[in-house]
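Q: The chain contents come next:
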Amino acid sequence: MQIDLLGGGGLFTMSSSEESYSYPDESDLELGLGLSLGGGKTKTKTKHPAAAGGGGGGSWDHYAGILTAKDFAGVVSDKTSSSSSSSSSSSSSSSITKVNTSGTKRTAESPCSPPGRSAISQVVGWPPVRTYRMNSMSNQAKSPVTEQLFSIDDKCKSKNADTPNPNHGSCKNNNISKEKGFVKTSLFVKVNIDGVAIGRKVDLNAHTCYATLSLALDDMFMPSASVGGRGSNMERQASVAGKRRPARFLDGLSDFVLTYKDKDGDWMLVGDVPWEIFLSSVRRLRIMRTTDARGLAPGSQERNMRRPVTPL
Amino acid sequence: MAYSFPEEVLEHVFSFLSSDRDRNAVSLVCKSWYDIERWCRRRIFVGNCYAVSPEMVIRRFPELRAVEMKGKPHFADFNLVPEGWGAYAYPWIAAMAEAYPFLEEIKLKRMVVTDDTLELISKSCKNFKLLVLTSCEGFTTDGLASIAANCRHLRELDLRESEVEELSGHWLSHFPDSCTSLVSLNISCLGSEVSFSILERLVARSPNLRTLRLNRAVPLERLANLIRRAPQLVELGTGAYSAEIRSDTFSNLADAFSACKQLKALSGFWDVVPSYLPAMYSVCSGITSLNLSYAAIPSTDLVKLISQCQNLQRLWVMDYIEDSGLDVLAASCKDLQELRVFPSDPFGAEPNVSLTEQGLVSVSEGCPKLESVLYFCRQMSNAALIAIAKNRPNFIRFRLCIIDPQAPDYLTLEPLDAGFGAIVEKCKELRRLSMTGLLTDRVFKYIGSHAKKLEMLSIAFAGDSDLGLHHVLSGCDSLRKLEIRDCPFGDKALLANAAKLETMRSLWMSSCSVSFGACKLLAQKMPRLNVEVIDERGPPDSRPESCSVERVYVYRTVASRQRLDMPDFVWTLDEDSSLRYS
Chain A
1 MQIDLLGGGG LFTMSSSEES YSYPDESDLE LGLGLSLGGG KTKTKTKHPA
51 AAGGGGGGSW DHYAGILTAK DFAGVVSDKT SSSSSSSSSS SSSSSITKVN
101 TSGTKRTAES PCSPPGRSAI SQVVGWPPVR TYRMNSMSNQ AKSPVTEQLF
151 SIDDKCKSKN ADTPNPNHGS CKNNNISKEK GFVKTSLFVK VNIDGVAIGR
201 KVDLNAHTCY ATLSLALDDM FMPSASVGGR GSNMERQASV AGKRRPARFL
251 DGLSDFVLTY KDKDGDWMLV GDVPWEIFLS SVRRLRIMRT TDARGLAPGS
301 QERNMRRPVT PL
Chain B
1 MAYSFPEEVL EHVFSFLSSD RDRNAVSLVC KSWYDIERWC RRRIFVGNCY
51 AVSPEMVIRR FPELRAVEMK GKPHFADFNL VPEGWGAYAY PWIAAMAEAY
101 PFLEEIKLKR MVVTDDTLEL ISKSCKNFKL LVLTSCEGFT TDGLASIAAN
151 CRHLRELDLR ESEVEELSGH WLSHFPDSCT SLVSLNISCL GSEVSFSILE
201 RLVARSPNLR TLRLNRAVPL ERLANLIRRA PQLVELGTGA YSAEIRSDTF
251 SNLADAFSAC KQLKALSGFW DVVPSYLPAM YSVCSGITSL NLSYAAIPST
301 DLVKLISQCQ NLQRLWVMDY IEDSGLDVLA ASCKDLQELR VFPSDPFGAE
351 PNVSLTEQGL VSVSEGCPKL ESVLYFCRQM SNAALIAIAK NRPNFIRFRL
401 CIIDPQAPDY LTLEPLDAGF GAIVEKCKEL RRLSMTGLLT DRVFKYIGSH
451 AKKLEMLSIA FAGDSDLGLH HVLSGCDSLR KLEIRDCPFG DKALLANAAK
501 LETMRSLWMS SCSVSFGACK LLAQKMPRLN VEVIDERGPP DSRPESCSVE
551 RVYVYRTVAS RQRLDMPDFV WTLDEDSSLR YS
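These protein sequences, in sequence, are chains A and B.
Each residue of the first sequence is one higher than the one before, counting from 1 in this note's numbering.
Each residue of the second sequence is one higher than the one before, counting from 1 in this note's numbering.
Hints may be right or wrong, so weigh each one.
[As the list claims (entries may be wrong)] Coverage of chain B stretches by chain A, computed from C-beta distances (three or more under 8 Å per stretch; other residues unrestricted):
| hint | stretch |
| --- | --- |
| 1 | 124 to 134 |
| 2 | 161 to 170 |
| 3 | 339 to 352 |
| 4 | 400 to 406 |
Just so you know, these hints were derived from the structure itself, not from any lab.
Note that the structure is a prediction, hence the values are computed from the model and not measured.
All C-beta atoms, glycine included, are put in the ideal place defined by N, C-alpha and C.
Chain A with its partners taken away, still in its complex shape (with noise of 0.2 Å):
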């Protein structure tokens, strides 16, 4: 139930005739915008039909023509995109090229596709499910009480009956590990970097090994040093040609080093452990000032020394 912030009581009438436009039949091509636009109708560009927006008048045509579902279909199964060539309309079509992190689309192809995922894993936010869920799901399958039954299976055989079909459903159990696959979802964590507020999230899952992951980190954050956002989009526009950078968050040469927080609450160095045991120890990274880090770079291996690392 809401605030009737309008009123019913005469506080706001809606013009009608004005600004409404009825089209009456799809063939009838010519097209006027409603508003007054103080200026007349402006000549449509028609080099980038993509990108014909604000103009009015007009031939229908060139709206027509403008990125059917074909289009779309075509860009999905993982083609970059021609039909919108010019970069002032990358937005439509291009945000179904691949994308890795969320609410950041990358013209740049993200390099390490995990197999067995279908293109749409690539498209931010679809399928529509929560991250909540996902990671849920996710975490499922790397619990360690999920594996452990999947071996109980013969002493589930030899139980009494007390609890009805323990072989059915524990064999189905083992099947489903096998044939349905728990398999991997999405796994977003939070990622800070020191002097920036805001911080993103990126989906770990989405990479295979740390130099993807360092990859992805880089262009999120790229221009690491100035503080604050607005030169940084620009730069990371002119920036973002493709070029393969050096993993700069791990060669120990830049002014940051990635560190994520394990799930004792400890801040580590990215890179110390193999990839699958960060994944299941990891819960949010902080890119963090070399200096600031100098007590944690020795003093985490040595504690990954006396921790052993038991895998899940």
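Chain B: place on chain A using the hints.
A: Just chain B now, with coordinates in the frame of chain A:
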């Protein structure tokens, strides 16, 4: 007329009005009634936290006791809204904590809530009773500790699907021993362990506890003890539903369940071991709501449980249930009103379970009261949709998600226009619709002509041209929320229907063909709409005006269009029609 009754009498009469719509109507009768009503309004719902300012609310309603508010747009759930966009609760809470010392209830959805916010609530509102945070983020267990420690009369603490930074599991111990007022506790979103003994003692001293939703870290072996201390529970969320198969664990659990005569809702069920499901059979006949959407178990086990629950009204389940399971559901649960089927493997290239459109057809045939559906599947046909529409004209919510967003009718390879057209034509009470699949402008024509009661519409990868959007905006009389992603909709339809947007709560369009020029024009012409251009590529005026924006979020507002908390990737129009950004 207004002078015939003393104020107190009118106030007493108004106190029987609970619906906001009625109260709003009453307040428009005359100035005197407006004044009387505003002094006695106790509850308020703000659907968009930026539609109005805290000062305006406080000025008009000086004596509120309960506030419910929503922040980010729905598509934020799917990471389409960049982090840092806004929806901060603190400014609201700060203003209200001062103005409403007797505030009792706060419900927030998709907002950023900090520990400071929680601490402020706990210290300012002496009579605070209810906190529900749905899909919120920004706070830690320290904030929860303040609530536990300071809210002496707390009745409900519900953290539905919020993202909590868990610094320690000991926050629960901050509930003083004297706190015995808990009615509802939902900590299912927490990942880490809480102290079991503290939890047990808390449950034991809360005789009014009706809802207890545990988190995954509570093992099955502990569940029996907890339930035993609260046989009056109406809603229970288990933790991980797995343990080594032992007969004593089983019988403990079964005994504990059998003492719960009032149980109506069950949820949780992570890591299910099917052998333990029969422990619940004694309560199944009373169960009306069952959330098995985290239970990765085969259809046969799901079905065994469900067929015990003849009074089931709501079922959430994963697609492991398969068509065969849905057939059984259709046959057993004649009171079913809501069904949600979630995908177990949303990114898999191939189907991993045998769940198709047939399952939904069966349920629509067999369950006469079915009115709300969320269904993820991999194939759909017009024939199936038409059958569903014929079977079930009483749908209120129909949300279909085909994993491949542009999948055509798999039998005829045609668009699914006819199928969805049948849905909107037959289901005259439809209030919410989400569509996927290959869809042309034609489906929008059907929607515009038939969906007169539709309030919320979600569209993705659909349509051919602006005509599609125009049909919706010009035809759907009751439309309040429209969210669109990746559709070839652009300026014309938007500008031609500008006035419509003021009758709606909000419009979201991302990855469409809306130009920056059109956004500026819309903002210029419609001063009571806030047109937010959300674009991470830098200032929109650094690109041609005809260039499409990444996202635009348009909402009506009586507050300032220059919200003070805009991040650097959001642009709105300034009063002098120049581009303004933070």
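Q: Would you mind marking each hint as holding or not holding in the structure?
A: These are the hints, each one checked on the structure:
1. 124 to 134: Contact hint for the stretch 124 to 134 of chain B vs chain A: violated, 0 residues under 8 Å.
2. 161 to 170: holds (count 3)
3. 339 to 352: Answer holds; 9 residues pass the 8 Å Cβ test.
4. 400 to 406: Holds: 5 residues of the stretch 400 to 406 of chain B have a Cβ under 8 Å from chain A.
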